[in-house]
Amino acid sequence: MRPAEPERLGGVLRALLSHYRRHPWQALFLLAGLVAGVALWSAVQVINSHARASYAEADYMLGAQATHWIRSRSGAGVAPADYIALRRAGFRQVFPVVQARVATADNAPLAIVATDLLALPTGDGGEALDEADLDWLAFIQPPYQAWYPAALAQELGVAAGDRLALHDGRRLPPAVIAAREQQGRQILMDVGAALSLLGREHFTALAVGAITPAEAARLVDALPADLQLEANQQRVDLTELTASLHTQLTAMSLLSFAVGLFIVFNAVRFSLWYRRPTLRTLRLMGVSMRALTLAVLAETLVWSVIGCALGLAAGYGISLALLPGMSATLQNLYGAVVGSEVLLDVRTVALAWALTLAGLALALAWPLLLQLRGPVIAANTAAAAWRDDARARRVLLVGAAGMVLLAVAVYWHMRTVVGGFVLLALVLFAAAWALPALLAAAQRGLGRALAGAPLARRWIVSDGRAQLPALRTAMMALLLALTANLGVETLIGSFRTALADWLDQRLGADLYVNSPRLDAPRFVADPANAGWLAAGHARTGVTLRWQGRPAKVYGLDTTTPDTHRLPLATAAPQALARWSAGAGMPPPILANEQAHYLGGLQLGQTVTLPADDGPADYTVVGFFHDYGNPYYQFYLPREALERRWHAVQPTGLALWLTPGASEAAAEAALQAAGVQPGEWSAQGDIKRLSLKIFDRTFAMTAAMNTLTLLVAGAALLTALLAILHERLPEFAQWRALGVTRRELLRVIALPLGLFVGLTWLLAIPLGALLSWLLIHDLNVMAFGWSMPMLWSPLPALKLGLLSAGIVALVLAIVLTQLTRKLPQAMAQLGSAS
Amino acid sequence: MKRLWLVLLMLFAGPAAAQDDPYQVLRSTGEGYAAVEPGRAFSFPADHLPHPDYRIEWWYLTANLKDAEGRDWGLQWTLFRQAMSPATDTEGWDSNQMWMAHAAITTPEGHRHEQRFARGGVGQADVRLDNGAFAAWLDDWSLTGEGPSVLPGRLRFSVGEATVDMQLGSDTPPVLQGEGGYSRKSAQGQASYYYSQPHIAVRGQIVQGGRPVALTGTGWLDREWSSQPLADNQQGWDWFSLHLADGHALMVYRLRHDDGKHWLSGSWVAPDGTARTLGADDIALTVLDTRRVRTPTAADPKAVRELPLVWRVRLPGLGREWTVRALIDDQWMGGRVPYWEGVVQVDGGAGGMGYMELTGYGR
Amino acid sequence: MLRFDGVVKRYAQPEGEVTVLAGVDLAIAPGEAVALLGESGSGKSTLLHLAAGLDAPDAGRIEVGGQTLSMLDERALAALRRGTVSLVFQQFHLIGTLTVADNIRFQAALCDRLDPAFEAELVERLGLGAQLDKYPHQLSGGQQQRVAIARALLHRPPLVLADEPTGNLDERSSGAVMALFRELVQAAGSALLMVTHSHGMADYLDRRLWLHDGRLQHAPG
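Residue numbers (our numbering), protein chains in the order written: chain W, 1 to 833; chain S, 1 to 363; chain V, 1 to 221.
Any given hint could turn out to be false.
[What the hints assert, rightly or not] Derived pair list, reagent style SDA-like, types lysine to any residue, alpha-carbon separation capped at 25 Å:
| no. | chain 1 | residue 1 | chain 2 | residue 2 |
| --- | --- | --- | --- | --- |
| 1 | W | 692 | W | 508 |
| 2 | V | 134 | W | 386 |
| 3 | V | 134 | W | 449 |
For the record, the hints were derived by calculation from the structure and aren't laboratory data. Predicted, not measured: the structure shown is a model, and the values here were computed from it.
Can you build the whole structure from these sequences, using the hints too?
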């Protein structure tokens, strides 16, 4: 490089960048696109990495390590006396944990976690108490305290000192707005408070801190017969189970990034248009291609740094806003505890910058360089722009065709969730790339159809041709956003309906009881209850691991109404009858869909489960729907289960009331049998709670959808303002010809309406295709849940109205701009511009 | 009067402001709790057990030991009880009793210590008769009697990987400190009930790194309970319990006052257990040398304190005096309430061995 | 047809306020063709803009076809420009998305005054017969200007305002276009006010005015 070169480069760069000083709105749009894209992407990254960091802490419990759990084989929980005995035997790494789910007065699910902070094995024993200026006396003494993480408190509307009422009228201890590590969205209280609140006498489990293998062996020997030591595999399990969800979120965030890039494309297109003279002048002045190239790259770098920094800042803000929803999703779906503090790590920042740079290279540098390589003096007319646009449309169409071919190929070989998202991306982008050609064809077709119509009408339609180059990218962005919205909307709608139907089928009984104090079989058999009790179903179960994941095997009563109506997704002929009878060798078993789709189990195959006395073989005769469960599950007739597993745990009792019997009678009988209020739930309550959990689980997805649509709306506004800016002299000339403002607005609005309408129409089948892929392939691969797809026109209509609203808003903005700027443009008519 | 530093428990009870002065709880009025009055009739073994009406109480054991090679060892084990409210204890998870234990061993290789906490009412920590025998414990640390009395008994605890197992016995009766067990702590009326067992024969072993070391020596048990033992102007104390070579046991302490007029007290116990209470005029304590000692705490791991580790203890009335010197400088207890406590030599070891406690020294 | 009474127009400039028109009086009769001459920057185009209602004067009164412009609202102004006043600029401002035929008919269609016979005459005389189905960008500059002229005249507007209509054409074709333009304006029955800096062009018209120092003077013919 010659010595003068850097100086010259600086000059060139200044000349290039001065454009943005004269047209600050273009800088604004460029930044808006970058920031929107980076913000949504990085928000999801932050949330994902935060969630993963939380999983890494999953073998920690409230700041103490929990390498193992001590649980009761019978499911009765751990008696405090057994815990004290362990502590007195010197196992100071053992501490009690009570976990429970309760419902608030308006049926919002709440998770409670309790321990004895004095017993937490954190360092030298006193550290657990060191952390905050909190009133420890109050924490462990009646009336106790309930610690709410700030976000949860805000959500529930709980202020310090409040005693939150539960569904059954019980009240939590006075609220303190505070949280310990790994508390997540749970409410923390003293173990004494929890036992008294829940009316329990047993801990859920004991957690075991860091322990040497020798000590662990000694611990196993010291455990009473009913208790067993199990390694805490939650970290591994969570990482595996949630992988699909995180992939899904990443895919959505990349979509947002892509939509953001469309805005950048738009902004760049116009900045290019405006800078043609500058570039031409620079080249005519003899500035070398190399200097210009370097200047363009420098400009890209500048924008990437600014856009990335602002985007990350916004993304951090968004992640804070989305985190409660995400935490709720993870807690509801996987029981993962996710804290409320998020950090921006170096990896995210670096990745965001790399992504921004790549996006800008694609959207800014490449077109700019292409233009540099063209002839020094290019035709600078609208007609040339249309020609370019037609060429671009053809290129995009060919690209779209290529992507469709690729998508078909991917579809046949799709095995993983990531592959599924690649397919979705191909389908979406193929449609988006084909869209400009489609819109142009539609515009041409309409023009032809209107051949005999009055000139004013034909003029309006013909103007679409002039708008299309500017609207092209915005329409592509809109199509992506609409399609994603419709696809996900249909997915959620179908899922919700499937879940509700399934709940209706599965929750046939009137009351569900889960009490460690109740001897369920005896209660059902008790003649004193015959007056009100039509039927009872006491289930038992064991927890084991199958294919490296936690799995539950339930023992069902084959005679009860719910077993007769067990909703099977796929089944061999006479499956239920064969299963009930235990006919065949190996004996029949039912498995959930997850075992089929995720575990690879096929109908008629033999499944081997680890029973107490060695492997037990079963023939799979059917798969049942099991929505919302990330784990594998199997059903056996109860006798069959208890034959091979000895320490089965009661897992709840379902009760059917005789017609006309009052729930009060049933509740009185339950209480007489020792069941505490809160240990039974009415069918309706469970359904409502389940659907509420479902809605929360998808809150994050809905939020991402809305944001994507907003970004697309911004892209539309950018495009229209650019049109306005570019064509203002033309509009002024029309006005000079006697075109009224209303006619002018019609010329702008109607082709736009046509394009938006067509885009929306195209989004409907495309959204259906997307949801079909999501429901039939991705959801099944990710979660192992299959469901019928339910298409409804309602979301499409809603989105149509929303799009119309966005268009109206954008037009209103454009109209005010037009009114403001037109008089000056008219006064300047005729002056050589 | 050692062991007033129960102090630590103020950390549970007190608002944040009190944390600047760990001794605040010991000065609070004690309203609602049973008051300490002169003329109490002591009764053993019943008084070995807790007195839950009083706010704070402790069982405090130290021992000076020697191994087969004549090297000096020491151990300290303490169990503290505090009532968190004046209400009657309900037992169970709602119990208002709180326990803390503190232990340390001084070995030829050095000093180490550990602290533990537990709530009362659920059996994780307690002092009570267990099948008719005295039992005091927190987790697996325990002091148990063969009968309802503490002695003869057995002390078992661990510090880190080192485990301690000692048999304790004594032929002499408990010594009631102060005025028949009523121990005044200031001229304003602050007082505690206080008795000691200064002549305890100790025999047992400490297992360190898998290697057992047989040890014998003399121990000292202090029992004290009160509801408000410190006066407002008292900042800390220097406390000595010495087993003299001639078989006497000497306990002296001074509560340091802001104005330099310290409160001095003590007792002189003959080998047969007969005791004489020492007043301010009977005792003269002089610091002969101070040392800079590393005194790390969780909050300040790099702290260094200037501590008086060499003393002259003089009983003018008896015409006797001794030079008392820390066996090793580093016997710092860096727990939640940090202080120095450790093995001391009397006249270079020729005059006997003992324990010294220094509290309230700032950085 | 067109009347200016004491029209004043000032512009704010960085150097201070500049008075472009300092009390202009003007009257053009129906069917009369007037050339407006003047040096660059003398305010010729400003005068034309004011006449078309594209801009408003600071003082004075402008009357077009008996209507006082200052009394007209947006809608009435648009109607005026649609039916009464036609503009022909140096830039042709054709609508690129419409064919030549549609461009010619555009203004006439707006004011619903299509006249197939006159249209045929215009097309024929302007020599656009072969271009009707083409789009403007497929035409040469001269052809585009002819389309603009046809568009301005088809609806026979009472007043045609032209600003250097041949400024973009070379000298030879300008003469031909100018002659044709004059004839066609006459055929349409319109009055014409044409801004030009060329005395040669002014020769084609009935009378010439000279704009100097913000005032009109009758220029020697």
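Hints versus structure:
At roughly 19 Å between alpha-carbon atoms, residue 692(W) and residue 508(W) fall within 25 Å of each other, so this suggested pair holds. Pair hint residue 134(V) plus residue 386(W) holds up; C-alpha atoms about 15 Å apart against a cutoff of 25 Å. For the hint pairing residue 134(V) with residue 449(W), the CA-to-CA distance comes to about 19 Å; that is within 25 Å, so the pair holds.
Hint compliance for this structure: every hint is met.
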